[in-house]
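K.L.:
Sequence:
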Amino acid sequence: METPTMMTIQLPGGWLLQHSPKACGGPAELTWNGHVVLRDFECRVDGLSNTAFSTRALRFFHKGGQSVASCEGQVSPLSGHALRQIIRYGANVARVTWDLAWRKDTVAKIGVEIGSATLVGTWRRVLVIPDFTAWTSGQAAQWHDLVPGKNLVFNPIPLAVVCERDDGVQIEFSMGFDVWRWQRGLGDFGSERSQVALAVSDQEMTFQRQILQGGEDIMPEAREYRFCSQIAWRAPTSAEPAAFPPATTLEFQANGEGLAALPTAGSGGAPSFVLDFAAMPVAAAARRDDGSGLPCWESNVTQRAAHRAIRQIAAAGTTGFLRLDGLTPGGCQDGSHCDRKHGVAHWDLQGILTFANWARQCLGDGWTMAAPQPHDPWRLLPSLADPLAVTGFRSSIHEE
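Sequential numbering from 296 applies to the sequence shown in the working numbering.
These aren't lab readings, by the way, just hints derived from the structure by calculation. Glycine included, C-beta positions come from ideal geometry on N, C-alpha and C. Everything hinted at is true.
In silico DSBU-like pairs for lysine-lysine, Cα to Cα no more than 35 Å straight-line:
hint, residue 1, residue 2
1, Lys317, Lys358
2, Lys445, Lys317
3, Lys399, Lys317
4, Lys636, Lys358
5, Lys636, Lys399
6, Lys404, Lys317
7, Lys636, Lys404
8, Lys445, Lys404
Using C-beta positions, here's what the derived DEER-type ranges look like:
hint, residue 1, residue 2, range
9, Ser587, Val448, 28 to 36 Å
10, Leu343, Asp585, 36 to 44 Å
11, Thr613, Gly308, 18 to 26 Å
12, Gly659, Lys445, 45 to 53 Å
13, Pro667, Ala555, 22 to 30 Å
14, Gly482, Asp585, 24 to 32 Å
15, Pro667, Ser587, 13 to 21 Å
16, Ala537, Gly510, 47 to 55 Å
17, Arg518, Val442, 36 to 44 Å
Using the sequences and the hints, build the whole thing.
P.N.:
Following this line, the structure appears as structure tokens:
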């Protein structure tokens, strides 16, 4: 049997992604130093995986310093469920958007999975940041040991799950900004019908993210459902952070008109700056409603103010050192941040990653940048290990 050509995306640090042009989804494999870590990242509808969707549109391209894989498929040419996936790859994190069009008068007998996968090897523990309601009520992230033959179930779906293999390799599955969509799922069938289940053996672990457990009377409304998510990866031998020379702390203007005048670089060479976004003056409507007073990174007002500051720094030169503080996720329910008229639950990890990618592209590869996290669990998330990293993509995606 002929093996379908795989589309290959090279990543920094010995990581490699492969997408199958025969499947609507992916990646089919994520490898590190030639060994498979993750395979079959996919959606499943009543037992049908990505491969059951006839692929009708498939594109691979680079945009904004990211490698983008876009695909569309349908279960049957005329009347089946339709699926669209867009995945945007950075250096060690991918942001995924799914659009699932549910067929009219169709029962979900088995259920629907969004972003499930198989992890290869022996996995020893998982870090779980609980669901939004529990987390915002004060429940802390927790490590859970993994034992072959023993399954773990988390209900409702957690905000993030970090899986750690016995050699220290980590894979993160985290929820996108759209917490309210994950909470609602495919309808008001009850939060007990959504879960993450981990099936552990001594050779692999199945990560099953079930947005809806099916039943004979479970019939979602016929419409399009969108869900966003992230996956991230980290090697056990991650590079030590670059040493920064003594830095000048940049200040925001109190009137919200960007940064105060930047100091000129001395004869010693490239400038070195620290900027704390927690101190960025934005309107109250752009801040999280959790009482912290911090900017919400899902707010367009926050993003515009941060973009303005980075553009000012970029004007200082093409090289330098820059540490960005205040890029730490939080929860919020101000619906205006997500273009909603009423309050909706969201968190801003995705907004932080989007901004970090933009900042790197704006400043270019000549700047040495870091965004350290002040405490756990954020220091434990692979997606936040180095969100400002140079992606290192090759000039074009090639076939293998």
